[in-house]
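Protein chains: 2
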Amino acid sequence: MPLQAAPGQANARKGEQTAARILDVALEQFSRLGFERATLNDIAAAAGVSAPTLHYHFVDKADLWQRAMWQLRDVIAREEQLLQVAADATPLALLRMAMRLFIRISWDHPALGRIVMLEGMAGGERLAWLDKHLIGARNRRITAIAAAAIAAGELQDFPPAHIVITLQMAAASLVTLAPLMKTSFGINSQTATTRAAHERMMVDAILAGFMVRPPAKTKAKR
Amino acid sequence: MPLQAAPGQANARKGEQTAARILDVALEQFSRLGFERATLNDIAAAAGVSAPTLHYHFVDKADLWQRAMWQLRDVIAREEQLLQVAADATPLALLRMAMRLFIRISWDHPALGRIVMLEGMAGGERLAWLDKHLIGARNRRITAIAAAAIAAGELQDFPPAHIVITLQMAAASLVTLAPLMKTSFGINSQTATTRAAHERMMVDAILAGFMVRPPAKTKAKR
DNA sequence: CGCGTTCTTGGCTAAATAGTCAGGGAAACT
DNA sequence: AGTTTCCCTGACTATTTAGCCAAGAACGCG
Chain Y
1 MPLQAAPGQA
11 NARKGEQTAA
21 RILDVALEQF
31 SRLGFERATL
41 NDIAAAAGVS
51 APTLHYHFVD
61 KADLWQRAMW
71 QLRDVIAREE
81 QLLQVAADAT
91 PLALLRMAMR
101 LFIRISWDHP
111 ALGRIVMLEG
121 MAGGERLAWL
131 DKHLIGARNR
141 RITAIAAAAI
151 AAGELQDFPP
161 AHIVITLQMA
171 AASLVTLAPL
181 MKTSFGINSQ
191 TATTRAAHER
201 MMVDAILAGF
211 MVRPPAKTKA
221 KR
Chain F
1 MPLQAAPGQA
11 NARKGEQTAA
21 RILDVALEQF
31 SRLGFERATL
41 NDIAAAAGVS
51 APTLHYHFVD
61 KADLWQRAMW
71 QLRDVIAREE
81 QLLQVAADAT
91 PLALLRMAMR
101 LFIRISWDHP
111 ALGRIVMLEG
121 MAGGERLAWL
131 DKHLIGARNR
141 RITAIAAAAI
151 AAGELQDFPP
161 AHIVITLQMA
171 AASLVTLAPL
181 MKTSFGINSQ
191 TATTRAAHER
201 MMVDAILAGF
211 MVRPPAKTKA
221 KR
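If you read the protein sequences in the order shown, they are chains Y and F.
Quick note on numbering: this note's numbering labels position 26 of the first sequence as 26, and the sequence is numbered without any gaps.
Quick note on numbering: this note's numbering labels position 181 of the second sequence as 181, and the sequence is numbered without any gaps.
Heads up, a few of these hints could be off.
When chains are identical, the list treats them as one kind, so a pair holds in a single copy or across two.
[Claimed, not checked] Within a straight-line C-alpha distance of at most 20 Å, the following computed SDA-like cross-link-like pairs (lysine to any residue) qualify:
#	residue 1	residue 2
1	LYS182	GLY123
2	LYS182	LEU83
3	LYS182	ALA44
4	LYS14	PRO91
5	LYS182	TRP129
What the hints contain is simulated information worked out from the structure, not anything from laboratory work.
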């Protein structure tokens, strides 16, 4: 069940435009509030339509949720593609690349991180859907990369799944918890400088910490 | 607004017992589902009382939420105490200690991590309350420790707040995202072995990664 | 036992929410 | 212009939810 047609089409039927607008709003609201906290009334209002319009374009609240999530499909597919292209690099290089991609996605599409956290801690059918259609394959692929890096002696020997989840959470933490950062520290997570500092930290500290202590030394970067 | 009396008292009035039972259930449900997803009916049912009983013991849903959260006060206070006692250790040692404590709390009181994530990504008045009464002082205290460690040349120079949040998220990730771990990897996060592996990883990889590369070498641990 | 206090409940209200439906307006095609 | 298809809405319903109240049950204490 992909989207009905390519978006942004010049002469897209009018309905598709409003459907797209609704989906944008829905993704935002669902990812911020979760499935039940987000109300159809609010989504409709924010999209500039009235409530029954939602039921014209989408059969259900659940259907709307799935369609909204499906928008993220392209984002993840693109990531997958990039990893595919570089598939002959060393596992460690792949992992570093995956991490950078994850940070980029976290900043450019913060909804994804929020959704994964929200549903990942709640469990249930929506998590099952996400695992099946959005994040499962990707999680397991990156985990396989980590396992390969361990087997190649490039990474310390910890459970690969632990490594991957921890890296993901660490990478997404600043953006996903943006309100907390603001409240507790007065820090605005969305800025480019914050992102740059975080990316540097993830590579130079976190990923470096996972690497097997080098025989001699790493390429001194700073 | 502390709890009405010391719990566990032998001849605690009957009402206090049920109130305590309600608070337990409420903490669980609120932390799993968030404020609005958790319903008073469900909480009452799970606590074995009928709905109006909640309004006898607590004025409001909001009041119930705050009281439920307040239970975590002791947990955090105890942590604070331990850090206080060791206040003369090096900043790095303190930070390592704080991390270990955080991991312990994550496993023993998983509700805390869930709440921080839920409200920390949603923002709003409840996050403000949490910051004021539960996690704000603690966040800023640990951040100060990190800053001291940087100043002492023990830690790489990244924004202390970034370090602290990232460490916390990494420490709590496995337990907080237990359903995701189960769904995507078939891993049960709650087990002691999982926890042990995670703690080892946090110290040997993550925290080690943050440390300033030693002049010669670290005390080879393994 | 008698009586007041503490605790709990069934039965209610008002508000909000997901979802339905018939009708109307706009666009497109003939 | 006429007509068909597409798109949207106002007005409704059923259900769920937080919260209220009066009555009664359980308990403690003289």
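Here is how each hint holds up against the structure:
1. In this assembly of identical chains, LYS182 and GLY123 lie within 20 Å of each other by CA distance solely across copies; the values are 9 Å between and 28 Å within a copy.
2. In this assembly of identical chains, LYS182 and LEU83 lie within 20 Å of each other by CA distance neither inside one copy nor across copies; the values are 34 Å within and 25 Å between.
3. In the homo-oligomer, the alpha carbons of LYS182 and ALA44 never lie at most 20 Å apart, since the shortest distance is 29 Å inside one protomer and 35 Å across protomers.
4. Taking the shortest Cα distances, LYS14 and PRO91 never come within 20 Å of each other, neither inside one copy (47 Å) nor across copies (61 Å).
5. Taking the shortest Cα distances, LYS182 and TRP129 sit within 20 Å of each other only across copies (14 Å), while inside one copy they are farther apart (32 Å).
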